[in-house]
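There are 2 protein chains.
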Amino acid sequence: MKQSNLFTKTLKEAPKGEASVNAKLLIRAGFIHKEMAGVYAFLPLGLRVMEKIKQIITEEMDALGGEQVSLTALQNPEVWKKSGRWDDKVVDNWFKTKFVNGADAGIANTHEEPLTNLMKEYVNSWRDLPRYVYQFQTKFRNELRVKSGLIRVREFLMKDLYSFSRTEEEFKDFYEKCAASYLKIFSRIGLKDYVFRTFASGGSFCKFSDEFQAVSEAGEDIIYIDQKKKIAINKEVYQDEVLAELGLKKADLEEKKAIEIGNIFPLGTKYSSALGLTFKDKNGKDKPVIMGCYGIGLGRLMGTIAEIFHDERGIIWPKTVAPFQVHLLSLGQNKKSEKLYQDLQKKGIEVLYDDRKDKSAGEKFAEADLIGIPYRIVVSEKTLGKNSVEIKERDKKELKIVKLENLLKIRNW
Amino acid sequence: MKQSNLFTKTLKEAPKGEASVNAKLLIRAGFIHKEMAGVYAFLPLGLRVMEKIKQIITEEMDALGGEQVSLTALQNPEVWKKSGRWDDKVVDNWFKTKFVNGADAGIANTHEEPLTNLMKEYVNSWRDLPRYVYQFQTKFRNELRVKSGLIRVREFLMKDLYSFSRTEEEFKDFYEKCAASYLKIFSRIGLKDYVFRTFASGGSFCKFSDEFQAVSEAGEDIIYIDQKKKIAINKEVYQDEVLAELGLKKADLEEKKAIEIGNIFPLGTKYSSALGLTFKDKNGKDKPVIMGCYGIGLGRLMGTIAEIFHDERGIIWPKTVAPFQVHLLSLGQNKKSEKLYQDLQKKGIEVLYDDRKDKSAGEKFAEADLIGIPYRIVVSEKTLGKNSVEIKERDKKELKIVKLENLLKIRNW
Numbered sequence: 000m001k002q003s004n005l006f007t008k009t010l011k012e013a014p015k016g017e018a019s020v021n022a023k024l025l026i027r028a029g030f031i032h033k034e035m036a037g038v039y040a041f042l043p044l045g046l047r048v049m050e051k052i053k054q055i056i057t058e059e060m061d062a063l064g065g066e067q068v069s070l071t072a073l074q075n076p077e078v079w080k081k082s083g084r085w086d087d088k089v090v091d092n093w094f095k096t097k098f099v100n101g102a103d104a105g106i107a108n109t110h111e112e113p114l115t116n117l118m119k120e121y122v123n124s125w126r127d128l129p130r131y132v133y134q135f136q137t138k139f140r141n142e143l144r145v146k147s148g149l150i151r152v153r154e155f156l157m158k159d160l161y162s163f164s165r166t167e168e169e170f171k172d173f174y175e176k177c178a179a180s181y182l183k184i185f186s187r188i189g190l191k192d193y194v195f196r197t198f199a200s201g202g203s204f205c206k207f208s209d210e211f212q213a214v215s216e217a218g219e220d221i222i223y224i225d226q227k228k229k230i231a232i233n234k235e236v237y238q239d240e241v242l243a244e245l246g247l248k249k250a251d252l253e254e255k256k257a258i259e260i261g262n263i264f265p266l267g268t269k270y271s272s273a274l275g276l277t278f279k280d281k282n283g284k285d286k287p288v289i290m291g292c293y294g295i296g297l298g299r300l301m302g303t304i305a306e307i308f309h310d311e312r313g314i315i316w317p318k319t320v321a322p323f324q325v326h327l328l329s330l331g332q333n334k335k336s337e338k339l340y341q342d343l344q345k346k347g348i349e350v351l352y353d354d355r356k357d358k359s360a361g362e363k364f365a366e367a368d369l370i371g372i373p374y375r376i377v378v379s380e381k382t383l384g385k386n387s388v389e390i391k392e393r394d395k396k397e398l399k400i401v402k403l404e405n406l407l408k409i410r411n412w
Numbered sequence: 000m001k002q003s004n005l006f007t008k009t010l011k012e013a014p015k016g017e018a019s020v021n022a023k024l025l026i027r028a029g030f031i032h033k034e035m036a037g038v039y040a041f042l043p044l045g046l047r048v049m050e051k052i053k054q055i056i057t058e059e060m061d062a063l064g065g066e067q068v069s070l071t072a073l074q075n076p077e078v079w080k081k082s083g084r085w086d087d088k089v090v091d092n093w094f095k096t097k098f099v100n101g102a103d104a105g106i107a108n109t110h111e112e113p114l115t116n117l118m119k120e121y122v123n124s125w126r127d128l129p130r131y132v133y134q135f136q137t138k139f140r141n142e143l144r145v146k147s148g149l150i151r152v153r154e155f156l157m158k159d160l161y162s163f164s165r166t167e168e169e170f171k172d173f174y175e176k177c178a179a180s181y182l183k184i185f186s187r188i189g190l191k192d193y194v195f196r197t198f199a200s201g202g203s204f205c206k207f208s209d210e211f212q213a214v215s216e217a218g219e220d221i222i223y224i225d226q227k228k229k230i231a232i233n234k235e236v237y238q239d240e241v242l243a244e245l246g247l248k249k250a251d252l253e254e255k256k257a258i259e260i261g262n263i264f265p266l267g268t269k270y271s272s273a274l275g276l277t278f279k280d281k282n283g284k285d286k287p288v289i290m291g292c293y294g295i296g297l298g299r300l301m302g303t304i305a306e307i308f309h310d311e312r313g314i315i316w317p318k319t320v321a322p323f324q325v326h327l328l329s330l331g332q333n334k335k336s337e338k339l340y341q342d343l344q345k346k347g348i349e350v351l352y353d354d355r356k357d358k359s360a361g362e363k364f365a366e367a368d369l370i371g372i373p374y375r376i377v378v379s380e381k382t383l384g385k386n387s388v389e390i391k392e393r394d395k396k397e398l399k400i401v402k403l404e405n406l407l408k409i410r411n412w
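Same order as they appear, the protein sequences are chains A and B. For the first sequence, numbering that gives the first Met the number 0 assigns the number 0 to the initial residue and increments by one for each residue that follows. For the second sequence, numbering that gives the first Met the number 0 assigns the number 0 to the initial residue and increments by one for each residue that follows.
All the pointers check out, no bait thrown in.
Copies of one chain are not kept apart here, so a pair can be met inside one copy or by any two copies together.
Dumping the calculated DSSO-like pairs for lysine-lysine here, alpha-carbon to alpha-carbon at most 27 Å: (1) Lys95 <-> Lys81; (2) Lys281 <-> Lys11; (3) Lys279 <-> Lys356; (4) Lys286 <-> Lys356; (5) Lys119 <-> Lys15; (6) Lys318 <-> Lys363; (7) Lys385 <-> Lys402; (8) Lys8 <-> Lys269; (9) Lys97 <-> Lys138; (10) Lys286 <-> Lys358; (11) Lys33 <-> Lys138; (12) Lys381 <-> Lys358.
Rather than coming from a laboratory, the hints here were simulated on the basis of the structure. This one's a predicted model, so the numbers in the text were calculated from it and none came from an experiment.
One chain only, chain A, in its complex shape:
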């Protein structure tokens, strides 16, 4: 994409009231726009990052046997009354609205109830199970306070998968597969060294659930990490008897702030019993389906990446989720640069081409650092004198001079 065609511009200042690093950088670089507190629109660069994240998650969910659907935002109160969660005293962050005829409707904050209800149409026998159904759908949470930019918001895109199993064993088998899949996803996204599977409270459902926590000073959670075992425990269950049960020792644990970027949760038969989702087992006996839910907030993940990977000049995107692989800067050499732009794209490389004539070299460098694309290629009179371009990786200091004829032979951008 030519930067002269990009409608967004980098901004010198972040809007007032944005305290978090991720929101400041993402707004200044033109990835997101603040509509209201906790409500952000995604601009072309930001949407590209979201699509990259979405694609990685889709591949891994499909590999688990997931089937993708898209449920609705508008919610039928009758379905939620069956589980007791329509009540504002039970769920305190509903957005509710009314149909023009006066009837109540909810705006979805999660989707256990509608999906459980939907599955009743298709699950009758043990032959219809197990099933793994997921979606990318907006969640609305009427939070009293929001902060931390994309980390805690009122409207966000979530990948939520729900498992429907026949036995506790079948459920646990999938639960562990999904946990492994989550670590793979976060690893592919560039967060391998930062993410820990973390024991947390299971709330009213069960003893424990599992969170995936990314170590960051911007985190709202406190976790205790066992670096050798590559696991952690959330402060909320950091008690002697729990540590003993999990085989963790205080001496091995390190306290860190962290951002919860995913969670997986045994639901047992809470929703299947409440909504009547049963199956006939091999003996013809009706049994409630055993469920689990598995969530990743995509915007929060993007915000976490910006929190973890940045320096004083801007964002440093991991290659797998960067909006483009290459940022091509023309310093008054648009003819040669245009040719290179076309050639790189023909090789399947995603290029943001800074073809703007009214920007100085200094402005272009500063904007490239702020936007944070992994490779910066500079085409200038000086480099062309040596029939070369200058390449710099965003996270390295080293400048390389590469002959034009060798540039297109580079394999791993």
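Starting from the structure of chain A, add chain B where the hints point.
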């Protein structure tokens, strides 16, 4: 995909209260699920069709120079008060809600106001224009009555593009390009012979706008078609003076029912003036930006396809938007079929493979017709006896027997 892994099943009966052909067929075939009146979830087969439609529209919008964003559902009343459209007397189909602190919020029914407001951040000079910004985003419309399945609903995915131009001429040039792009989109989707660019009322904005109407008995609109000129006029402006102005003659016009599957609309400076979106022209003078909007409802398009392309046995998907190209039916021959399933997929062909062992041939044939995938391939003892499979196109009666060795050589599925 293996049909044994598909959680949906075809249903013998449509739910009570669904009168429309599109909803009956799409629900029975497992493409959509009715959550409430006018609120439908998309199931795996339906989501695949939506993604195909989305991809075609994306390609054409990008070809027009469109830049993709994703705005929010939650809306700030202050932005809408500036245009006067927060008022329920002006816009009568808002869904509104409240933040936990008691402040009002809207649930987006369209996005002119927030996008105009957003563009103020990035448009200052004539050098920043023209811009074409689009998204795929859910719209919420609090309709008093819904009917016709996916044709008129309360929550739906829309592609909406907004143009920002400096002069009337620049605006009109894009408007015509977008009109041509819309005809191309509908043609690619398989509706070429059914869609007419249709003169319609411009409402409070302008004299005329343009609708894209698909001829169908399920339509709510009446249009008058000039088949030779390949254009039409909506009944709402079917008056002698308008016909004269457009150079149309009553004698050449044919009355038809039609479904509005797209519209393009000059907005003039209504929103830019109200919200203060101006640019400095070459003489340094502030001028309001000239806008247009361009919408396509994706679910409505899917419903329209089902209305137009079906027979008494089920849906007949056009190849470009079908959930799969090939429906492979194994009649007790899963070993040979599995091999063929793998081979076809290796060639990049999307295959739904009916590997189910508990279904009769008759049940499989009936389900295949209901689901409506373009090519049905049957593998049976009989066909394998001739080292062949049987191929039938969904919209033809003819059965072809094709040698296994020739099957993979077929180029155009």
